[in-house]
Amino acid sequence: RKEVEQDPGPFNVPEGATVAFNCTYSNSASQSFFWYRQDCRKEPKLLMSVYSSGNEDGRFTAQLNRASQYISLLIRDSKLSDSATYLCVVKPYGNKLVFGAGTILRVKS
Amino acid sequence: DGGITQSPKYLFRKEGQNVTLSCEQNLNHDAMYWYRQDPGQGLRLIYYSQIVNDFQKGDIAEGYSVSREKKESFPLTVTSAQKNPTAFYLCASWTGRGLDTGELFFGEGSRLTVL
Numbered sequence: 001r002k003e004v005e006q007d008p009g010p011f012n013v014p015e016g017a018t019v020a021f022n023c024t025y026s027n028s029a030s031q032s033f034f035w036y037r038q039d040c041r042k043e044p045k046l047l048m049s050v051y052s053s054g055n056e057d058g059r060f061t062a063q064l065n066r067a068s069q070y071i072s073l074l075i076r077d078s079k080l081s082d083s084a085t086y087l088c089v090v091k092p093y094g095n096k097l098v099f100g101a102g103t104i105l106r107v108k109s
Numbered sequence: 110d111g112g113i114t115q116s117p118k119y120l121f122r123k124e125g126q127n128v129t130l131s132c133e134q135n136l137n138h139d140a141m142y143w144y145r146q147d148p149g150q151g152l153r154l155i156y157y158s159q160i161v162n163d164f165q166k167g168d169i170a171e172g173y174s175v176s177r178e179k180k181e182s183f184p185l186t187v188t189s190a191q192k193n194p195t196a197f198y199l200c201a202s203w204t205g206r207g208l209d210t211g212e213l214f215f216g217e218g219s220r221l222t223v224l
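Keeping their order, the protein sequence lines are chains A and Z.
Heads up, the first sequence is in this note's numbering, so the first residue is 1 and it goes up one at a time.
Heads up, the second sequence is in this note's numbering, so the first residue is 110 and it goes up one at a time.
Just so you know, the hints here were simulated from the structure itself, not pulled from any lab data.
Certain hints may be false.
What the hints assert, rightly or not - Within a straight-line C-alpha distance of at most 35 Å, the following computed DSBU-like cross-link-like pairs (lysine-lysine) qualify:
{"hint": "1", "chain 1": "Z", "residue 1": "K166", "chain 2": "Z", "residue 2": "K123"}
{"hint": "2", "chain 1": "A", "residue 1": "K42", "chain 2": "A", "residue 2": "K79"}
{"hint": "3", "chain 1": "Z", "residue 1": "K118", "chain 2": "A", "residue 2": "K45"}
{"hint": "4", "chain 1": "Z", "residue 1": "K123", "chain 2": "A", "residue 2": "K79"}
{"hint": "5", "chain 1": "Z", "residue 1": "K123", "chain 2": "A", "residue 2": "K108"}
{"hint": "6", "chain 1": "A", "residue 1": "K2", "chain 2": "Z", "residue 2": "K180"}
{"hint": "7", "chain 1": "Z", "residue 1": "K166", "chain 2": "Z", "residue 2": "K192"}
{"hint": "8", "chain 1": "Z", "residue 1": "K180", "chain 2": "A", "residue 2": "K108"}
{"hint": "9", "chain 1": "Z", "residue 1": "K192", "chain 2": "Z", "residue 2": "K179"}
{"hint": "10", "chain 1": "Z", "residue 1": "K192", "chain 2": "A", "residue 2": "K96"}
{"hint": "11", "chain 1": "Z", "residue 1": "K180", "chain 2": "Z", "residue 2": "K118"}
{"hint": "12", "chain 1": "Z", "residue 1": "K118", "chain 2": "A", "residue 2": "K79"}
{"hint": "13", "chain 1": "Z", "residue 1": "K179", "chain 2": "A", "residue 2": "K108"}
{"hint": "14", "chain 1": "A", "residue 1": "K79", "chain 2": "A", "residue 2": "K2"}
{"hint": "15", "chain 1": "A", "residue 1": "K42", "chain 2": "Z", "residue 2": "K166"}
{"hint": "16", "chain 1": "A", "residue 1": "K45", "chain 2": "A", "residue 2": "K108"}
{"hint": "17", "chain 1": "A", "residue 1": "K79", "chain 2": "Z", "residue 2": "K192"}
Said to hold, decoys possible - Non-contacting residues of chain Z with respect to chain A, defined by C-beta distances greater than 12 Å in every case (computed):
{"hint": "18", "residue": "I113"}
{"hint": "19", "residue": "L120"}
{"hint": "20", "residue": "F121"}
{"hint": "21", "residue": "K123"}
{"hint": "22", "residue": "D139"}
{"hint": "23", "residue": "A140"}
{"hint": "24", "residue": "Q146"}
{"hint": "25", "residue": "G149"}
{"hint": "26", "residue": "R153"}
{"hint": "27", "residue": "Q159"}
{"hint": "28", "residue": "Q165"}
{"hint": "29", "residue": "E171"}
{"hint": "30", "residue": "E181"}
{"hint": "31", "residue": "L199"}
{"hint": "32", "residue": "T204"}
Built from N, CA and C at the ideal position, the CB exists for glycine as well.
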């Protein structure tokens, strides 16, 4: 089993739609969780950190479910500019971070 | 402006040649990382360094070498022993002072193609 697993997609949604991605992790002792956004052929950039039970930033909401070992990302009112690959990142211990392979989102007009 | 500078952005290399990718940061971060990304795959950790003169192997260190002689610099050498070196290489630093807070901040990456 991979340490971090994501549905690769692509998720094709119309503008204005709500879309959700899930990410599962295998190490139950993991303490820190992140969502990064990566545009085509660019470096990943932090979208949100998820430190406790979840948090919200504008149209984006991240949730953590420790019992089931998954985190989710909800995007409301999708914009064309939201089209990107969303990477789930888990910090199981120390300074090690493990990346999922990413979920591709395509928002269409 | 503070940031991470990677160079070169694009590099072509013949098989059997070593190549060194530069990574310089002026953010005063202690921990630095090198990742490799292949199409359709997540980032895989090559090496990381938590302090000057110390570094640790990541998951795919074979065929790579690093040094950390200065806090600002963490160059990666891709040696001829690396079987499939064509990839997108990303250097990053950890923004937090401790292990529990912070985030990974990335440079713009170096794209290496072996001909």
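Cross-check of the supplied hints:
The hinted pair formed by Z/K166 and Z/K123 meets the criterion: a straight-line CA distance of about 25 Å does not exceed 35 Å. For a cut-off of 35 Å, the pair hint linking A/K42 to A/K79 stands: about 19 Å separates their Cα positions. With a CA separation close to 18 Å, the supplied pair Z/K118 and A/K45 stays within the 35 Å bound. Between Z/K123 and A/K79 the CA atoms are separated by roughly 42 Å; this puts the pair beyond 35 Å, and the hint is violated.
For the given pair, Z/K123 sits about 41 Å from A/K108 by alpha-carbon distance, which is inconsistent with the 35 Å threshold. About 33 Å separates the Cα atoms of A/K2 and Z/K180, which keeps this hinted pair within 35 Å; it holds. Taking the CA atoms of Z/K166 and Z/K192, the gap is near 17 Å; set against the 35 Å cutoff, the hint holds. Between Z/K180 and A/K108 the alpha-carbon distance is near 44 Å, which puts this suggested pair outside the 35 Å criterion.
Distance check on the hinted pair: Z/K192 and Z/K179 sit about 29 Å apart at the alpha-carbon level, within 35 Å; holds. For the hint linking Z/K192 to A/K96, the alpha-carbon distance of about 25 Å falls within 35 Å, and the restraint holds. Annotation: proposed proximity of Z/K180 to Z/K118 holds, straight-line Cα distance about 22 Å (limit 35 Å). Between the alpha carbons of Z/K118 and A/K79 the distance comes to roughly 30 Å, so the proposed pair stays at or under 35 Å and holds.
A hinted pair counts as satisfied when its Cα atoms are at most 35 Å apart, and Z/K179 with A/K108 does not qualify at roughly 47 Å. The hinted pair formed by A/K79 and A/K2 meets the criterion: a straight-line CA distance of about 31 Å does not exceed 35 Å. Distance restraint check for A/K42 and Z/K166: the Cα-Cα separation of roughly 25 Å lies within the 35 Å cut-off, and the hinted pair is therefore satisfied. Proximity of A/K45 to A/K108 is assessed by CA-CA distance (about 22 Å); at most 35 Å being required, the pair is judged to hold.
Proximity of A/K79 to Z/K192 is assessed by CA-CA distance (about 41 Å); at most 35 Å being required, the pair is judged violated. A beta-carbon of chain A comes within 12 Å of the beta-carbon of Z/I113; the shortest separation is about 9 Å. Non-interface status of Z/L120 relative to chain A is upheld: no Cβ of that chain comes within 12 Å, the nearest being about 15 Å off. Once the 12 Å rule is applied to beta carbons, Z/F121 is consistent with being away from chain A; the minimum gap is 16 Å.
A cut-off of 12 Å between C-beta atoms confirms that Z/K123 is not in contact with chain A; the least separation is 23 Å. At the 12 Å boundary, the C-beta of Z/D139 falls inside the reach of chain A, the nearest C-beta of that chain being 9 Å off. At the 12 Å boundary, the C-beta of Z/A140 falls inside the reach of chain A, the nearest C-beta of that chain being 5 Å off. For Z/Q146, the non-interface assignment is contradicted: its Cβ lies about 9 Å from the closest Cβ of chain A, within the 12 Å cut-off.
Some Cβ of chain A comes within 12 Å of the Cβ of Z/G149; the nearest lies about 7 Å off, and the non-interface call is violated. Residue placement check: Z/R153 does not keep its beta carbon more than 12 Å from all beta carbons of chain A (closest about 8 Å). Residue placement check: Z/Q159 does not keep its beta carbon more than 12 Å from all beta carbons of chain A (closest about 6 Å). Not every Cβ of chain A is farther than 12 Å from the Cβ of Z/Q165; the closest lies at roughly 9 Å, contradicting the non-interface assignment.
The claim that Z/E171 lies off the interface holds: its Cβ sits roughly 18 Å from the closest Cβ of chain A, which is beyond the 12 Å cut-off. The claim that Z/E181 is not at the interface with chain A holds, since no C-beta of that chain comes within 12 Å of its own (minimum 18 Å). The beta carbon of Z/L199 is not kept farther than 12 Å from every beta carbon of chain A, the shortest such distance being approximately 6 Å. The Cβ of Z/T204 does not lie farther than 12 Å from every Cβ of chain A; its closest approach is about 9 Å, which violates its non-interface assignment.
In summary, the numbered hints that this structure violates are 4, 5, 8, 13, 17, 18, 22, 23, 24, 25, 26, 27, 28, 31 and 32.
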